[in-house]
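Protein chains in written order, with our numbering: chain U, 1 to 384; chain S, 1 to 358; chain F, 1 to 297.
Mixed in with the good hints there might be a few duds.
Unchecked claim - Simulated DEER-style distance windows between Cβ atoms:
hint: 1; chain 1: F; residue 1: F64; chain 2: U; residue 2: N224; range: 34 to 44 Å
hint: 2; chain 1: U; residue 1: K192; chain 2: S; residue 2: P95; range: 24 to 34 Å
hint: 3; chain 1: F; residue 1: H60; chain 2: S; residue 2: A123; range: 49 to 59 Å
hint: 4; chain 1: F; residue 1: F64; chain 2: S; residue 2: Y214; range: 47 to 57 Å
hint: 5; chain 1: F; residue 1: G117; chain 2: U; residue 2: K270; range: 17 to 27 Å
hint: 6; chain 1: S; residue 1: N5; chain 2: F; residue 2: K87; range: 35 to 45 Å
hint: 7; chain 1: U; residue 1: P286; chain 2: F; residue 2: H60; range: 48 to 58 Å
hint: 8; chain 1: U; residue 1: D331; chain 2: S; residue 2: L15; range: 34 to 44 Å
hint: 9; chain 1: F; residue 1: P126; chain 2: U; residue 2: K383; range: 42 to 52 Å
hint: 10; chain 1: S; residue 1: K215; chain 2: F; residue 2: I58; range: 51 to 61 Å
hint: 11; chain 1: S; residue 1: V154; chain 2: U; residue 2: K250; range: 37 to 47 Å
Simulated from the structure, these hints should not be mistaken for lab results.
For glycine and all other residues, C-beta sits at the position ideal for the given N, C-alpha and C.
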Amino acid sequence: MKKIVAAVLSIAMAASLMAGCSKQTQSENNDVIKIGVFEPMTGANAAGGQLEVEGAKLANKLYPEVLGKKVELVIMDNKSDKVEAASAAARLVEQEKVNAIIGSWGSSLSMAAGDIVKNAKVPAVGASCTNPLVTKGNDYYFRVCFIDPFQGTVMANYAFQKLNAKKAAIIQEVSNDYAVGLSKYFQDEFKKLTGDENSIVAIANYNTGDQDFSAQLTTLKDKNPDVIFAPGNFTESALIIKQARQLGIKAPFIGGDTWETPEFIKIGGKDVEGAVFSTHFTAEKPITKESEKFLAEFKKEYNKEPAAVSALGYDAYLVILDAIKRANSTDSDKIREAIAQTNGFEGAAGMITLNQDGDAVKNAVINVVKDGKFTYLDTVEPKK
Amino acid sequence: MKRRNLILNIVLILLVAVFTIYAQKNMDAYKLRILNLCAIYTILGLSMNLINGFTGQFSLGHAGFMAIGAYTTALLTMKIEFKEQIFYMKPLIYPLNSISMPFLPSLLIAGFLSALVGYMIGAPALRLKGDYLAIATLGFAEIIRVIITNAQSVTNGALGIKMIPTYTNLYWSFGFAVLTVVFMFLLINSSYGRAFKAIREDEIAAENMGINLYKHKMMSFVIGAFLAGLGGGLLGNLLGTIDPSMFKFVLTFNILLIIVLGGMGSISGTVISAFIITILGEVLRFLDKPMNLGFIKTPGIPGLRMVVFSLLLMIVVLFFRDGLMGTRELSWDSIQNVFVKFRKLVGKGGVKNESFEG
Amino acid sequence: MGLATFFQHLTNGVSLGSLYALIAIGYTMVYGILRLINFAHGDIFMMATYFAFFAIFIFHMHWFIAFIVAILLTVLLGMGIEKAAYKPLRDAPKISVLISAIGASFLLENLATVVFGGIPKPFPTPSVFNDMVILGGVRVQKLTFYIPAVTIILLIGLAYLINKTKSGMAMRAVSKDVETASLMGIDVNRTISITFGIGSALAAVGGIMWALKFPQIQPLMGVMPGLKCFIAAVIGGIGSITGAVIGGFFLGIMEIMLVAFFPTLAGYRDALAFILLIVILLFKPTGFMGEKMSEKV
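Next comes chain U alone, as it looks inside the complex (with noise of 0.2 Å):
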């Protein structure tokens, strides 16, 4: 019996798959274009994509129309999941016909798309995915946010020119391609600024997800350096100053734009206090006109503070709405042609000029948190 039941159950299984799926292709309409969505609605990386989603939602909302024609955002899940992640983006290609796409958050989650987008040719733009890797040898992939190198640098330039820092220690998460990525650029700019090769004194490793850090912090505390570098994700990095803290460190701690979370301060308190690190964006002060009409909508519309990351989806979108009305086409491939030709656009979250490799070329901002807030402190622009 079991037997007849696994056997009718897979089949309706596979049948309904079948069936779901022409219906998508039997709808589909010239007088629609679509623009995929594809973020981590679930699963780890969950937080983050959501607040993508919400910044590329706003856009549509405020921009629903090119060339005459509707936009409509079809939002795909990645379950922060790179099979998961593969599938609906494949998914958004075959099944919805997109003629561009969105994401994603995770630059992992954005790579296991790449070969998919590549080989459909539909032209795809990250948001906020900053591993050089993404979008290299892949002229399909496009992001409107800087990358690793460069935020490296600035927090290098940052601890040398405004610290005064001479001693550098590193705590990295080693698990992390991000962390990792900003670890190396700083090093590397750290160590040509100071002239000093041992400019950095001690370089600890941590796994993601662990909680106590204080044999490393006991042993960069030996160390004694001016300032601590410790890109990471912001849960991990909230403990280790903590526990840097109680241990007597003194230095102050520097980070990257992952930090720029509210339970950054949450969870870190008083403790992290003076915690400077480089993002994108900052709501304090509007760089650009667009940057003041996100600012309003983004309040009327959600009820908060954007993040960061909510203006770069809220640029990928206008980024390709601006491609499509300069191309005066919906195909893909004239699409990719003027996204790759962008050129001092401006977004909410900055002028947006793309590089050769798909990079956005764009000034970083540099935050501190003071009085359990975070609050604008530099601008820094990019080397020409």
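Got chain U; can you put chains S and F on it based on the hints?
Chains S and F alone, transformed into the frame defined by chain U:
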């Protein structure tokens, strides 16, 4: 009867071959991807079932073997110029940075390497039993992942690898899946297979019958590791990109779910269940659909799918301990029996005594 | 490495080890009596911290009352899990019980993700625990003194319970031989349920102490501590409560010393526990303190 079964088996394989060719030529990339995943999970499910279901050794190390397979195949098949681009932070060490070979030898090397690691892990671990073995193999899988994360000059560490040539298509995945199924039927019905099952039923009795416990457990473990490495290689070259965080315990959990649902100790059950679980994951996507229409703001409930899957696992273990098939197999005789029963319109319980037919 | 730095490392190790020891006691308790790895132990531990969190933030309880409430709720949860996931499988093959345990563990993790969200929450830390004491250049968290104190009190309580009370006698009987115990008129199911309740209470105390030391809670926080404390229990000799304490301190100090003396190997820290486990299982399967157990036919 034997002759009829042989002919039917050949016809079935031919049908699968025809379907594969048709599907590969006519289906879109999305459906192909799902079918590829079904076939890969079939291989992985069978490899885990060999160790856990047929030999009764509860091993939780599959993610580790898959990682070895995926990384080996990726590093061997990648084009040399891409390797330079990807390993931009720490260059790839010598012999690997100048090798680029076709898919088949890479897959086989991946399988053998995984089997070798399986041997090295099995040598100490298989002396343990039950929950100790489970924890030890889980630990080994975790150690493999930690090593991959830290050995940046071989694996590119946390940065992951991309630009792996996407060789995996239905010919490869279904081809290997069919080969695995045939191999498993032959193995299970050989004297080795009977020894495996004897060990599962009662180790002490098996030993008294003159079965070398350690040798047979090791054999099952090494073959399982080989197949897991193969499956990992196919998966890596299907995705085109891999990184250490892919190979966490959740991956092993998914395969465990497949074999528990299909039946611990059933080849046909594993095949059916691999297809069901993989397709179910995609079908559940439809539940998320309403949010696309825009009238619901919250995009589904985060993580609900995994709640469903863990509940499913518990319900199967608690109430349907045999899963779909138990230790039985779908065979031509049983199918015939079903038809006979339908014709007679008499149904007295399940079909219980069918023999294993290859 | 200076002497002060070495002592700081040692203090860190003892501090971490005392936490491992506390949680390992719960593992060894349940295993000693049921011969079952409670895979969900780490997740019960996680749930306890959420109970405490909500008691403090939603119901505004005083932290002390909140902790008591959290422990009671966790006991109920643990007994519920035993009823639902383990009791129906009393006569089933061991492999089924293990799968059920893994299922229960995943279910708790994923339910927590759905209900509480995956974003970590800050755990409140009363300053009684978190202030630092400076002893000759070595900085010690006050909590570090409390954890061993709590552990010793629990140990005395447990010893009394197991050796002097009727339920304790029943537990020992069940651990020796379930069938004979039931023939002697012991309610096996009740005894196992009580054991689970006590094990869960120990997990809750461990979880709350853990969250006080690392004040950030999230659905997967119990996985690694759970595995490591099981390993600590095996190192000490599973089933032996003194062994669990020794194993916990041993693992904690080893982990810290690995990072202290070989900073480049810090990334391999999680592997260390598993390597120790395998070495112990191969060379001294009974652990430091365990008794020899013969396999039942």
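Status of each hint after checking the structure:
1. A hinted range of 34 to 44 Å holds for the C-beta pair F64 (chain F) and N224 (chain U), which are about 40 Å apart.
2. Between K192 (chain U) and P95 (chain S), the C-beta spacing of about 33 Å keeps the proposed range 24 to 34 Å intact.
3. Judged by the Cβ atoms, the range 49 to 59 Å given for H60 (chain F) and A123 (chain S) holds: they are separated by roughly 57 Å.
4. At about 55 Å, the beta-carbon gap between F64 (chain F) and Y214 (chain S) stays in the expected band of 47 to 57 Å.
5. Taken as a hint, the range 17 to 27 Å holds for the pair G117 (chain F) and K270 (chain U), whose Cβ atoms sit roughly 25 Å apart.
6. For N5 (chain S) and K87 (chain F), the hinted distance range of 35 to 45 Å is satisfied, since their beta carbons lie about 44 Å from each other.
7. Judged by the Cβ atoms, the range 48 to 58 Å given for P286 (chain U) and H60 (chain F) is violated: they are separated by roughly 39 Å.
8. Against the hinted window of 34 to 44 Å, the Cβ-Cβ separation of D331 (chain U) and L15 (chain S) comes to about 40 Å, which satisfies the hint.
9. A beta carbon spacing of about 49 Å between P126 (chain F) and K383 (chain U) agrees with the range 42 to 52 Å that was offered as a hint.
10. Restraint check, K215 (chain S) to I58 (chain F): a C-beta distance of roughly 59 Å satisfies the suggested window 51 to 61 Å.
11. The given range of 37 to 47 Å is respected by V154 (chain S) and K250 (chain U), whose C-beta atoms sit roughly 39 Å from each other.
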